[in-house]
Amino acid sequence: MNLPLIVPPQVAFSLISPDLALLVTSVVILAVALFLAPEQGIRWLAWLAAAGILVAAGSDVILLLGSQLPATTFSGSLVMDPLAEVLDLVILAAALLAVLLAANRPEASPDYLALTLWSAIGMMVLVSAHDLIVLFLAVEVLSLPLYILCAFRPDRPTSLEAAVKYFLLGAFSSGFLLYGLALLFGVSGGTNLTQVAAALATVGSASLFGHGAIGTALIAEVGIGLVVVGLGFKLAAVPFHQWVPDVYEGAPTSVVTFMSVGTKVAAFGVLARLVDTVFVGSAVDWQGLLSALAVATILAGAVLAIPQQNFKRLLGYSGILNAGYLVAVLVVGSQAATAAGVYFLVTYALMNLGAFAVISAVSGGEMEGVMIRRYRGLFYQQPWTAVAMAVFLLSLASIPPLAGFFGKLFILQALISGHQLVLALTVVAGTAITLIVYGRPLLAMFSPPDPDSPPLPKMPMAVATAIGCLAVAVVAVGLVPGAIVGLVHGVSQIGPLSGISGR
Amino acid sequence: MLTLYLPIVIYFTISLLVCFGIMGASRVIGRPKRQQSVAKLQPYESGIVPEVQLGPKFSIKFYLVAMLFLIFDVEAVSFYPWAVLMRQLRLYGLAEMGLFILVLGIGYAYVWKRGGFQWDR
Numbered sequence: 024m025n026l027p028l029i030v031p032p033q034v035a036f037s038l039i040s041p042d043l044a045l046l047v048t049s050v051v052i053l054a055v056a057l058f059l060a061p062e063q064g065i066r067w068l069a070w071l072a073a074a075g076i077l078v079a080a081g082s083d084v085i086l087l088l089g090s091q092l093p094a095t096t097f098s099g100s101l102v103m104d105p106l107a108e109v110l111d112l113v114i115l116a117a118a119l120l121a122v123l124l125a126a127n128r129p130e131a132s133p134d135y136l137a138l139t140l141w142s143a144i145g146m147m148v149l150v151s152a153h154d155l156i157v158l159f160l161a162v163e164v165l166s167l168p169l170y171i172l173c174a175f176r177p178d179r180p181t182s183l184e185a186a187v188k189y190f191l192l193g194a195f196s197s198g199f200l201l202y203g204l205a206l207l208f209g210v211s212g213g214t215n216l217t218q219v220a221a222a223l224a225t226v227g228s229a230s231l232f233g234h235g236a237i238g239t240a241l242i243a244e245v246g247i248g249l250v251v252v253g254l255g256f257k258l259a260a261v262p263f264h265q266w267v268p269d270v271y272e273g274a275p276t277s278v279v280t281f282m283s284v285g286t287k288v289a290a291f292g293v294l295a296r297l298v299d300t301v302f303v304g305s306a307v308d309w310q311g312l313l314s315a316l317a318v319a320t321i322l323a324g325a326v327l328a329i330p331q332q333n334f335k336r337l338l339g340y341s342g343i344l345n346a347g348y349l350v351a352v353l354v355v356g357s358q359a360a361t362a363a364g365v366y367f368l369v370t371y372a373l374m375n376l377g378a379f380a381v382i383s384a385v386s387g388g389e390m391e392g393v394m395i396r397r398y399r400g401l402f403y404q405q406p407w408t409a410v411a412m413a414v415f416l417l418s419l420a421s422i423p424p425l426a427g428f429f430g431k432l433f434i435l436q437a438l439i440s441g442h443q444l445v446l447a448l449t450v451v452a453g454t455a456i457t458l459i460v461y462g463r464p465l466l467a468m469f470s471p472p473d474p475d476s477p478p479l480p481k482m483p484m485a486v487a488t489a490i491g492c493l494a495v496a497v498v499a500v501g502l503v504p505g506a507i508v509g510l511v512h513g514v515s516q517i518g519p520l521s522g523i524s525g526r
Numbered sequence: 002m003l004t005l006y007l008p009i010v011i012y013f014t015i016s017l018l019v020c021f022g023i024m025g026a027s028r029v030i031g032r033p034k035r036q037q038s039v040a041k042l043q044p045y046e047s048g049i050v051p052e053v054q055l056g057p058k059f060s061i062k063f064y065l066v067a068m069l070f071l072i073f074d075v076e077a078v079s080f081y082p083w084a085v086l087m088r089q090l091r092l093y094g095l096a097e098m099g100l101f102i103l104v105l106g107i108g109y110a111y112v113w114k115r116g117g118f119q120w121d122r
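Residue numbers (our numbering), protein chains in the order written: chain A, 24 to 526; chain B, 2 to 122.
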């Protein structure tokens with residue numbers, strides 16, 4: 024029997040060192056947990072996980088500062104460029120905070136830590152994916168641990184409900200994504216994004232009554248549409264957002280902290296890469312598709328957030344709203360716009376992680392603790408927590424001079440210079456509505472406390488430090504927006520550029 | 002190109018017609034709901050009247066065992082492609098497979114330690 028000669032892929036281990044660090048850490052955690060009693064040593068394991076994440080972040084920074092980027096590995100199916108590495112850092116920050124928040128909670132267990140790390144690996148691979156199969160695998164590696172993590176408070180029915188809802192809708196969306204990827208593969212005959220882009224560039228615009236290869240153009244259009252639908256579920260874009268509030272409400276807060284930022288970063292990263300490599304060169308009307316998605320997401324997210332009584336649900340709708348801004352900026356399709364999106368994502372991650380950390384600390388794991396009315400008089404009980412939360416909320420409402428303001432400003436700049444005036448107006452409208460949304464919890468925090476409300480739980484040192492660092496970062500980035508602008512300019516070069524062969 | 006899919010369209014149309022046709026026919030020809038007897042509302046057991054309450058509780062242990070079996074079974078399938086190409090892949094393939102087995106082994110040990118294989122817990 025003659026078998027085709029198999030050439031093992033060239034693997035540059037230094038390029039995937041962050042992913043390897045997380046993988047090794049997770050396996051070590053499980054191996055060490057074999058020799059510990061179930062309840063014992065979980066704090067040490069959490070510190071081990073945190074150390075692994077820090078090592079991964081360190082190797083990320085080394086890659087960013089070094090001269091290796093942009094580069095491809097695994098025969099061109101993974102691309103490591105500044106975009107991927109910066110987004111990796113945001114994902115790692117979210118994972119680190121999730122581990123810190125969970126350390127003193129009932130959900131903490133070796134499984135929890137390992138699953139969080141695996142999901143982070145999936146996210147990091149997804150933002151580097153340059154191949155349809157790798158893309159789909161990464162989405163699954165990202166999602167499967169999250170489905171399980173949502174159920175990590177089996178004592179609560181809402182946690183199980185969140186897990187089942189997330190799992191069913193996630194599996195459903197994976198179907199859309201896979202179907203779309205299959206159609207793109209059918210049009211192009213290859214799985215590498217370079218091949219897909221080359222094939223789509225030659226496909227005429229889809230028109231049932233035009234001339235030429237109508238079938239191929241239609242298949243390409245449907246394929247792109249299905250891929251956007253599949254990723255839209257992960258990004259929580261309207262109308263694929265129904266799972267968000269329920270999952271955010273029911274899942275443990277540490278998990279929500281991680282997934283609210285991580286999933287969004289990963290989905291934005293892969294969508295930005297698809298727009299940059301595949302969509303821009305094609306004749307398919309992807310801009311109309313994304314514009315409609317963005318307008319619906321911004322308006323629905325902003326309006327639905329207003330009546331929420333539960334802080335986690337409120338932040339869920341806020342996450343939908345911010346996903347809308349991210350989709351909007353992708354419509355422009357230039358690398359400068361992607362850079363604006365990344366800047367926004369970095370600032371969003373800072374304030375969103377901070378807000379969820381405060382919620383986690385204030386609620387102490389109680390269901391009642393996440394209601395907005397519980398925040399009445401927070402300022403008189405824990406002034407610094409309230410001040411930090413105020414910073415996060417004001418930044419989310421894009422009040423200058425906080426980080427969120429500049430994130431929004433750069434997005435507006437990108438939209439206006441890309442002549443997307445409708446989208447720019449929608450972003451402004453959404454921002455105006457969010458003043459009401461974030462204003463209510465703010466008022467509650469600074470109004471006098473209920474005399475009969477139970478005392479707030481004591482905050483662990485690590486969590487307090489994390490909240491403090493995030494609040495300082497939000498203020499600092501706002502005061503010195505140039506600090507990460509340079510970084511973002513570096514991001515605007517998405518690889519692989521023409522200089523790199525796609526091997 | 003699109004004509005290639007014409008048989009599929011025809012197939013879908015026919016299956017939709019059959020589906021709705023049967024449902025519609027049973028509504029038109031069949032008796033209204035209120036005339037249905039108790040026997041007709043019971044689960045169909047080949048004409049034999051069921052003697053016990055159907056849908057009893059069954060142990061969730063089966064479910065766990067089945068799932069664990071499935072996971073490790075599917076993992077074992079990954080050995081076949083490697084076995085076929087073992088000589089070509091040489092040391093690279095052997096090292097990859099060793100790593101795979103190592104990770105799988107740690108997972109196996111973890112499930113064992115957590116009592117996943119214990120029948121009476």
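Just so you know, the hints here were simulated from the structure itself, not pulled from any lab data. Just so you know, not all the hints are guaranteed correct.
To be verified - Straight-line alpha carbon distances no greater than 30 Å define the calculated DSS-like cross-link-like pairs of lysine-lysine that follow:
1. B:Lys114 - A:Lys481
2. B:Lys62 - B:Lys114
3. A:Lys481 - B:Lys62
4. B:Lys58 - B:Lys114
As the list claims (entries may be wrong) - Restraint ranges, calculated between C-beta atoms of paired labels, are given here:
5. A:Leu191 - B:Ala110: 27 to 35 Å
6. B:Ile61 - A:Arg396: 22 to 30 Å
7. B:Gln89 - A:Pro480: 32 to 40 Å
8. A:Ala455 - B:Tyr6: 42 to 50 Å
9. B:Phe63 - A:Val34: 38 to 46 Å
10. A:Arg396 - B:Met24: 46 to 54 Å
This structure is a prediction, so every number in the text was calculated from the model and none was measured. For each residue, glycine too, the CB sits at the ideal point set by N, CA and C.
To see whether the hints hold, each was checked on the structure:
{"no.": "1", "hint": "B:Lys114 - A:Lys481", "result": "34 Å, violated"}
{"no.": "2", "hint": "B:Lys62 - B:Lys114", "result": "17 Å, holds"}
{"no.": "3", "hint": "A:Lys481 - B:Lys62", "result": "40 Å, violated"}
{"no.": "4", "hint": "B:Lys58 - B:Lys114", "result": "28 Å, holds"}
{"no.": "5", "hint": "A:Leu191 - B:Ala110: 27 to 35 Å", "result": "32 Å, holds"}
{"no.": "6", "hint": "B:Ile61 - A:Arg396: 22 to 30 Å", "result": "39 Å, violated"}
{"no.": "7", "hint": "B:Gln89 - A:Pro480: 32 to 40 Å", "result": "60 Å, violated"}
{"no.": "8", "hint": "A:Ala455 - B:Tyr6: 42 to 50 Å", "result": "48 Å, holds"}
{"no.": "9", "hint": "B:Phe63 - A:Val34: 38 to 46 Å", "result": "42 Å, holds"}
{"no.": "10", "hint": "A:Arg396 - B:Met24: 46 to 54 Å", "result": "50 Å, holds"}
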